[in-house]
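S.K.: Given next are the chains, with one letter for each unit.
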Amino acid sequence: MNHLSDTAADTLRFATAGSVDDGKSTLVGRLLHDSKSVLADQLEAVAHASASRGQATPDLALLTDGLRAEREQGITIDVAYRYFATPRRRFILADTPGHVQYTRNMVTGASTAELTIILVDARHGVVEQTRRHTAIAALLRVPQIVLAVNKMDLVGYEESVFAKIAEEYTAYVKELGGPEVTVIPISALAGDNVVDTSAHMDWYGGPTVLEHLESVPVSHHLAPCAARLPVQYVIRPQSPEHPDYRGYAGRIAEGTFRTGQQVRVLPSGRTTTITAIERLGTTVESAGALQSVTVLLSDDLDVARGDLIVPAGDAPPTTREVTATVCHVADQPLTTGQRVLLKHGTRTVKALVTDIASRLTLEDLSPYPHPGRLAANDIGQVHLRTAEPLPLDTYAHSRRTGSFILIDPADGTTLTAGMAGESFARPDPATDPAKDEEWDF
Amino acid sequence: MTADAGESPYALSHPDALESEAVHILREVAGEFDNPVILFSGGKDSIVMLHLALKAFTPAPVPFALLHVDTGHNFPEVLAFRDRVVAEHGLRLHIASVQDYIDRGELKERPDGTRNPLQTRPLTDTIQQQRFDAVFGGGRRDEEKARAKERVFSLRDEFSQWDPRRQRPELWNLYNGRHLPREHVRVFPLSNWTELDVWQYIAREHIELPAIYFAHDREVFQRHHMWLTAGSWGGPRAGERTEKRRVRYRTVGDMSCTGAVDSDADTIDKVITEIAASRLTERGATRADDKLSEAAMEDRKREGYF
Numbered sequence: 001m002n003h004l005s006d007t008a009a010d011t012l013r014f015a016t017a018g019s020v021d022d023g024k025s026t027l028v029g030r031l032l033h034d035s036k037s038v039l040a041d042q043l044e045a046v047a048h049a050s051a052s053r054g055q056a057t058p059d060l061a062l063l064t065d066g067l068r069a070e071r072e073q074g075i076t077i078d079v080a081y082r083y084f085a086t087p088r089r090r091f092i093l094a095d096t097p098g099h100v101q102y103t104r105n106m107v108t109g110a111s112t113a114e115l116t117i118i119l120v121d122a123r124h125g126v127v128e129q130t131r132r133h134t135a136i137a138a139l140l141r142v143p144q145i146v147l148a149v150n151k152m153d154l155v156g157y158e159e160s161v162f163a164k165i166a167e168e169y170t171a172y173v174k175e176l177g178g179p180e181v182t183v184i185p186i187s188a189l190a191g192d193n194v195v196d197t198s199a200h201m202d203w204y205g206g207p208t209v210l211e212h213l214e215s216v217p218v219s220h221h222l223a224p225c226a227a228r229l230p231v232q233y234v235i236r237p238q239s240p241e242h243p244d245y246r247g248y249a250g251r252i253a254e255g256t257f258r259t260g261q262q263v264r265v266l267p268s269g270r271t272t273t274i275t276a277i278e279r280l281g282t283t284v285e286s287a288g289a290l291q292s293v294t295v296l297l298s299d300d301l302d303v304a305r306g307d308l309i310v311p312a313g314d315a316p317p318t319t320r321e322v323t324a325t326v327c328h329v330a331d332q333p334l335t336t337g338q339r340v341l342l343k344h345g346t347r348t349v350k351a352l353v354t355d356i357a358s359r360l361t362l363e364d365l366s367p368y369p370h371p372g373r374l375a376a377n378d379i380g381q382v383h384l385r386t387a388e389p390l391p392l393d394t395y396a397h398s399r400r401t402g403s404f405i406l407i408d409p410a411d412g413t414t415l416t417a418g419m420a421g422e423s424f425a426r427p428d429p430a431t432d433p434a435k436d437e438e439w440d441f
Numbered sequence: 001m002t003a004d005a006g007e008s009p010y011a012l013s014h015p016d017a018l019e020s021e022a023v024h025i026l027r028e029v030a031g032e033f034d035n036p037v038i039l040f041s042g043g044k045d046s047i048v049m050l051h052l053a054l055k056a057f058t059p060a061p062v063p064f065a066l067l068h069v070d071t072g073h074n075f076p077e078v079l080a081f082r083d084r085v086v087a088e089h090g091l092r093l094h095i096a097s098v099q100d101y102i103d104r105g106e107l108k109e110r111p112d113g114t115r116n117p118l119q120t121r122p123l124t125d126t127i128q129q130q131r132f133d134a135v136f137g138g139g140r141r142d143e144e145k146a147r148a149k150e151r152v153f154s155l156r157d158e159f160s161q162w163d164p165r166r167q168r169p170e171l172w173n174l175y176n177g178r179h180l181p182r183e184h185v186r187v188f189p190l191s192n193w194t195e196l197d198v199w200q201y202i203a204r205e206h207i208e209l210p211a212i213y214f215a216h217d218r219e220v221f222q223r224h225h226m227w228l229t230a231g232s233w234g235g236p237r238a239g240e241r242t243e244k245r246r247v248r249y250r251t252v253g254d255m256s257c258t259g260a261v262d263s264d265a266d267t268i269d270k271v272i273t274e275i276a277a278s279r280l281t282e283r284g285a286t287r288a289d290d291k292l293s294e295a296a297m298e299d300r301k302r303e304g305y306f
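From first to last, the protein sequence lines are chains U and F.
Numbering-wise (our numbering), the first sequence opens with residue 1 and increments by one.
Numbering-wise (our numbering), the second sequence opens with residue 1 and increments by one.
Looking at chain U on its own, in the form it has when it is part of the complex:
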């Protein structure tokens, strides 16, 4: 593990998804077990728990189903995060539930993932949950999807079964204008093509799941986006050594900033110059995306938490009218006319749901117009008016500055995951076939 190279680019964040009972926990258990990422005491605990349930062999799903209710029901309820490494790469795995009731947790896992593994049961093929999870992954712009066709052992390792599912699925993803897809036939239970190449499927010439995870390019950036620094906190020591120090602390969301650069502070729109950038106590000439920094500005502007610092010449549009594609994640519905809070970056503003323009029908990806409300797990397009102007990039340009959440002001519930800009959930779907190859949402 300590022979690994030391850059974050060698870390892959991925999530698993799929319908109930299609073997996600077993796949994850198999992946951890066969890549020798499970330590002796964990394995011993699983063997002991399996034996006490009367199972003849250790149930690898018990490695990940950590909650009492999960073990009792044999289902995964909530996201579990796993950390493992091979000599080639580090992995952060969000193991997410398949049950439709817990789809919000799949959204949680996918929002930070660079790859999603979606499982299907080879006997059942593509089902509604497969479509839902695939639509969510596409919507959240997870760049890579692996469709793992599981339980191949139960269909006699038949190539024709696999080929039919692969074809249907690839066609569905194409309609979503979506991510890159790799389809792999596996048996998580028997260990075929998870870490080790299957001896039962000579007809398959592609990588195993782990080989693919180790070699797939990690893409952190969707498209070039200008520099963005959401101000998190104003550092003012007011001490004898630092009587006039005012630093604007935050984590750079996109792009790079350098000392001497002219910047604009949004939403006020005032311009000033960066006089210094500090990286946790060390002064640096410049800093880039995902670094937590403190910047000092030449003018004594009124800058507060929630403001966004951007290059003077490359600011996002500032608007009070937001169009977004959303995934509704709360039990209570989202309705037209509802008053909510909208958190974007470090800024939380009041907002009004002015219209729910459409709800996506997963089966054929057709939009159902003006449904009036979105229920749990619905995907749709909404219009919002905010109490204050928001500097909003489109999600197509940035997963970090184009995303927001809606919050119930009464009890703080996270209601909805929002992605600024239009998508495949728009009421009048584009008919231009030339756009099929693009991420035009």
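Hints are computed from structural coordinates only; laboratory data are not their basis.
In this text, all values refer to a predicted model and were calculated from it rather than measured experimentally.
Quick reminder that beta carbons are idealized off the backbone N, C-alpha and C, glycines included.
Some hints could be false.
[To be verified] Each computed DSBU-like pair below joins lysine-lysine, with the alpha-carbon atoms no more than 35 Å apart:
hint, chain 1, residue 1, chain 2, residue 2
1, F, K108, F, K244
2, F, K244, F, K270
3, F, K270, F, K55
4, U, K164, U, K36
5, U, K350, F, K270
6, F, K270, U, K36
[Claimed, not checked] To give an idea of the interface, some chain U residues facing chain F are shown, with a C-beta separation under 8 Å as derived from the structure:
hint, residue
7, A40
8, K174
9, A249
Place chain F on chain U using the hints.
M.R.: Coordinates of chain F only, in the frame set by chain U:
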């Protein structure tokens, strides 16, 4: 180096990425909450968390107080370390004392002698009394299977309870800290760190730790397959025999349930080599309380333990 090069000059190293993420979380809490507190045990995770907080707000002081739950069976070296750190950085320290509750008759000593489960009540009482609205813990998701389910921001009700079925979705890095009066949020800045990450960061940043993390000779005795430190807290009992062994600790907790491991690792580098080669998790190797049942950690978390 040109500023428009985009990706490679700014690609963060693995420890830098973890550090930056943790600082982001610490600053979010400072920006959104009125009265946060850092749970500080004197263990390596809380020491790293404090180190990150010192960096996150420099050159200003850490805007959080510390809270230590003192079981009454703490290692004296760890308590001395705690007091030194507090004095050095001019921090405020709250202490919730299990012994006080036992002395007042509000908590009873358990037959097995472990005081770890007894920490929950003093902890949750102090959170309510002091009106803490955000409580930082050094918990990591790689520690234990119930912890693997934990969000970075974890809402607790007015009884400090964790309900894993009702956790908020945590989308992108948009942490939702909204809560009602008397509810609070547990916050875990080290969620994505592993034990090895913590040690490599300690080495890189030259962070000082209590001496018990490094190999030393100690009077220990065996109980439930663990080497426990002999002492007035309740060991050894009749039939248990002490011996002097060369050991170190992988975790710091209550003396009654934190086991030592045989080790010659007396420097940080040797500790890192030892952990990388270990076939046991740190909790599996050294924590008796997690072995009480298959869901021991989950059950304690539900009641308000961190």
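S.K.: Quickly compare the C-alpha distance for K270 (chain F) and K36 (chain U) to 35 Å and report which way the hint goes.
M.R.: Holds: K270 (chain F) and K36 (chain U) sit about 23 Å apart, inside 35 Å.
S.K.: Between K350 (chain U) and K270 (chain F), does the CA-CA distance stay at or below 35 Å?
M.R.: violated, 54 Å
S.K.: Against chain F, is A40 (chain U) within 8 Å by beta-carbon distance?
M.R.: holds, 4 Å
S.K.: Measuring from the C-beta of K174 (chain U) to each C-beta in chain F, is the shortest one below 8 Å?
M.R.: violated, 26 Å
S.K.: Hint validation: A249 (chain U) versus chain F, beta carbon distance must be below 8 Å. Holds or violated?
M.R.: With a closest approach of 6 Å, the A249 (chain U) hint holds.
S.K.: With the threshold set at 35 Å, check whether the alpha-carbon distance from K244 (chain F) to K270 (chain F) stays at or below it.
M.R.: holds, 21 Å
S.K.: K108 (chain F) and K244 (chain F) were given as a pair; does the straight-line alpha-carbon distance stay at or below 35 Å?
M.R.: Given that 35 Å is the threshold and the Cα spacing comes to 32 Å, the pair holds.
S.K.: Are the Cα atoms of K164 (chain U) and K36 (chain U) separated by 35 Å or less?
M.R.: holds, 33 Å
S.K.: Does K55 (chain F) sit within 35 Å of K270 (chain F), going by the straight-line distance between their CA atoms?
M.R.: holds, 27 Å
Hint compliance for this structure: hints 5 and 8 are broken, all remaining hints hold.
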